[in-house]
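Asker: Okay, here's what each chain looks like letter by letter:
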Amino acid sequence: MSITYLEAIRAAQARALADDPRVFIYGQDVGAFGGAFKATKNLAIEFPGRVIDAPISEDAMLGLAVGAAIEGMRPIIEIQFADFSTTGFNQIVNQAATLYWRTNVPCPITVRLPSGGTSGSGPFHSQSMEALYAHYPGLIVMTPATVEDAYSMLLEAVAIDDPVIFCEHKYLYYHLKAEALPTEAMPVGKARIARAGRDLTLVAYSAMLHEALAVAEELVSEGTEIEVVDLRCVKPLDTDTVMASVARTGRLLCVGEAWPWGGVTAEVVARVAAEGFDLLDAPPQRLNAKDTPVPYHPALWAAHRPTARSIAAAARRLLRL
Amino acid sequence: MLHTVLNPGAVGEVSSICDAHIKAYRIMLLARVLDDKFASLYRMGKMHGGVFLGRGQEALSASVGLALRKGDIFAPLIRDTAGRLAFGEPVLDAVRTQFGSPLGPMRARDGNVHRGRPKEGLLAMISHLGAMISVVNGALLARRFKGVTGVVGATCIGDGATSTGAFHEAVNQAAVENLPLVLIIANNHYAYSTPNERQFACRSLLDKAVGYGVAGQQVDGTDLSACLGVVGDAVSRARAGRGPQMVVASLLRLCGHGEHDDASYVNSDLRAAPVGRDCLKVAEETLFRQNWANAAAISRWRHDAVQKVEEAVAKVQREPNPDPYKEDWCALASKHLSEGNE
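Chains A and B supply the protein sequences, listed in that same order. If you use the working numbering, the first sequence corresponds to residues 1 to 321, in order. If you use the working numbering, the second sequence corresponds to residues 1 to 342, in order.
Everything labelled a hint here was simulated from the structure, so no lab data went into it. Be aware that one or more of the hints could be misleading.
What the hints assert, rightly or not - Far from chain B, some chain A residues (derived; all Cβ distances over 12 Å):
#1 Met1
#2 Glu46
#3 Ala96
#4 Tyr136
What the hints assert, rightly or not - Computed list of chain B residues with no C-beta within reach of chain A, every gap over 10 Å:
#5 Arg43
#6 His128
#7 Glu169
As the list claims (entries may be wrong) - Label pairs and their computed distance ranges (CB to CB):
#8 Asn178/B - Pro260/A: 42 to 50 Å
#9 Ser2/A - Asp207/B: 54 to 62 Å
#10 Ser127/B - Ala282/A: 41 to 49 Å
#11 Glu120/B - Asp161/A: 17 to 25 Å
Don't be surprised by glycine CBs; every beta carbon is placed ideally from N, CA and C.
Let the sequences and hints guide you as you build the complete structure.
Answerer: What follows is the structure, encoded as C-alpha cells:
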C-alpha cells in the first residue's frame, strides 16, 4: 500500500475530526464535493455537519474561524488556492495573529494553503505565500515537504494554540508517495537533515526539497557530498540546525520557490551571515524564482522557478568560490 | 445602581417602560460623562494616542447593550461606550485601556476603543472596518456546534463600514448560515469627513438588507424610546431563530471623528435638523414629560456618574506604567515556538 501527500492531508483531517469534537472544516467546495483537490473527500459524509461549504468570501471565512476559535473550536480553513488568501489577508494578519497578544485569548486556527507552482497554473494559482505570513508576528508557518510531515504536521497544526498557516505544495499532492502514514514525528519548529554531507549545506523546504535531494544525488558523481536541510517549518525557523550544518560544511546555498525579494532564503542567509560568519568558507548564496508573476506556459514556468538544474549550477559555482 | 449593570437583564425583563428608560438614560449619562472626561484629559495632553467618543450615539448604543444578556456576543465599535457599559463592561476597563494601564484587559498592548473580554462575549475590535462581523458569525456558529440555543450576537458599525468587502461577505455569510446576528448600523452621516453621498448610492442603507435576504428596520437614533423598541425587537427576533437582523439608525455624530478633529465639515443644516438632536437631551425630556424623573433625580444621577468616573480616573492615574523589561514580547500562546522573545 502507498499513500500520497494529498491522501495524507485528507487522512490527517479525518483523524483530527474523529479525535476532537472541536474541529470543523470550512472552505469553498469542501462539503459534498470534497474540495477542489479532493483533500476533504467523503469527510462531509463521515462527519455530518462538520465539513461546511463556504461562500466565496475568504475574509468572512477567516473571520468566522477566529470567532469560532474564541469560543473554543479548532477550525480548519481550506483556502482553495494559496493565492486567494490575499482576499482574507486582513483577517489572518490583523485579527487572528494579534488576538492572543492583545487579549490573552488563544486563536487555534489552521489555514490550509494549497501552494506553489504546477505546470500550466499561471500567475494566480501558483503562488508561494510563506514569506508574507512569516513576516507577521503571531503566526506559525509550516511548509511540509514529505508525506509523513504533511500528515503529522497538519495534526500538530490543529493541536497548536496559535494560528498556523499550513503551506501544502500542490506539486507534491499526487507525485509524492510513502509506504504508510507515520506513527511518530519530529517536533514542530525543528529542521531535519534530509541527507548528510560535508561539502555544502543546501537548505530547502516544501517542493524544493526534492529538487535539492536530486542535486545532492547528481553531484555525488563529481565527488561532492551535499548536506540537505529540510526546514519543515519556516516560522519558527530552526537556525540551530542550519548553523550546525554550516559549521560542518562551510558553505550555504538556500533555495526557495518564492520570489527573491526578502523572504525565507534571505532570512536564512541573514541569520547565518550574522551569527555564523566565521563558519563560512565562501559567501552564503540563495536561489529563488524570478522576480515576475508565475508564468503560464510550461517552458517559461520551468525556467521561472529553481529546478535541480539551476540549483546544481548554483551549487557548483559556490563550491568553486 | 449603575455598578450592578455587570449582568444586565434584557429590556423585556425590566418591570416597566419607565424603569427601562431610567436604566438606559443612566447608562447614556455615564457614557457621556466618561467620554467628556476623556475629551478633557485629551485636551490636557494626558492621553496617549487618540480619543474617540460616542457623543450623540448613546441612545442607540445603550439600547443594544441592554437588549443583550449574559452569554450573548457583543462586538462594539468606536462609538459604543454606552453599549459597552450596558453589556457590563466595567468603567475601569475603559479608563485603563484609554490610559494604557498594564492592569487593564489589554495590558497596555492595545488602547482606547480597542478593548474587550472575548471569553466573556465582549470582542475587542480591530481597526479595519467591517472585520468584526464575521468574527461574531464564527462565535455564533461555535455556539450552534455546542448545541447552545437562544443566544444572539450583536455588532455595531457605521455608514462607512457598509462600503467594505468585509461587510458584504459577513452579512451574506450570516444570511447563508441563518445566524442570530444583529447588525446595528449607526448612520451618523459622515465616515470621518466623507458624507453619505460619497459613501453609497442606494436610496437607503436598508436596501442592503433586502439584497442579502436579511430583515431590516429603520430607527430614529436620537430617540431612546424608538431605539429601545426597535433594537429590542430585532434582538428578540434573532433570539427566536428568525435569522440575521439589520437595524439602520439615523443620527449625527456630535463630535469629531476623534478629539483631534473639529468636524468643521459637518453640514450646519444637518446639525440644525432633527437628526442633529442630542439623544441625551431627548431622553431627558421624555423622562420629564412622562413624569418618570425630576431635575433633582437627574442631578443626583449625574453626580453619581461623575463620581464613578472620577474615582476610576484617579485610581488608574496612580497605577504603574507598563514595564518593557517585564513584557514577554511573545506573540504566541505556544511560548516554545516563539522567535520574538530575545
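Asker: Now, for every hint given, state plainly whether the structure supports it.
Answerer: So, going through the hints one by one against the coordinates:
{"no.": "1", "hint": "Met1", "verdict": "holds, 33 Å"}
{"no.": "2", "hint": "Glu46", "verdict": "holds, 17 Å"}
{"no.": "3", "hint": "Ala96", "verdict": "violated, 10 Å"}
{"no.": "4", "hint": "Tyr136", "verdict": "violated, 9 Å"}
{"no.": "5", "hint": "Arg43", "verdict": "holds, 28 Å"}
{"no.": "6", "hint": "His128", "verdict": "violated, 5 Å"}
{"no.": "7", "hint": "Glu169", "verdict": "violated, 4 Å"}
{"no.": "8", "hint": "Asn178/B - Pro260/A: 42 to 50 Å", "verdict": "holds, 47 Å"}
{"no.": "9", "hint": "Ser2/A - Asp207/B: 54 to 62 Å", "verdict": "holds, 57 Å"}
{"no.": "10", "hint": "Ser127/B - Ala282/A: 41 to 49 Å", "verdict": "holds, 47 Å"}
{"no.": "11", "hint": "Glu120/B - Asp161/A: 17 to 25 Å", "verdict": "holds, 19 Å"}
The structure is inconsistent with the numbered hints 3, 4, 6 and 7, although it conforms to all the rest.
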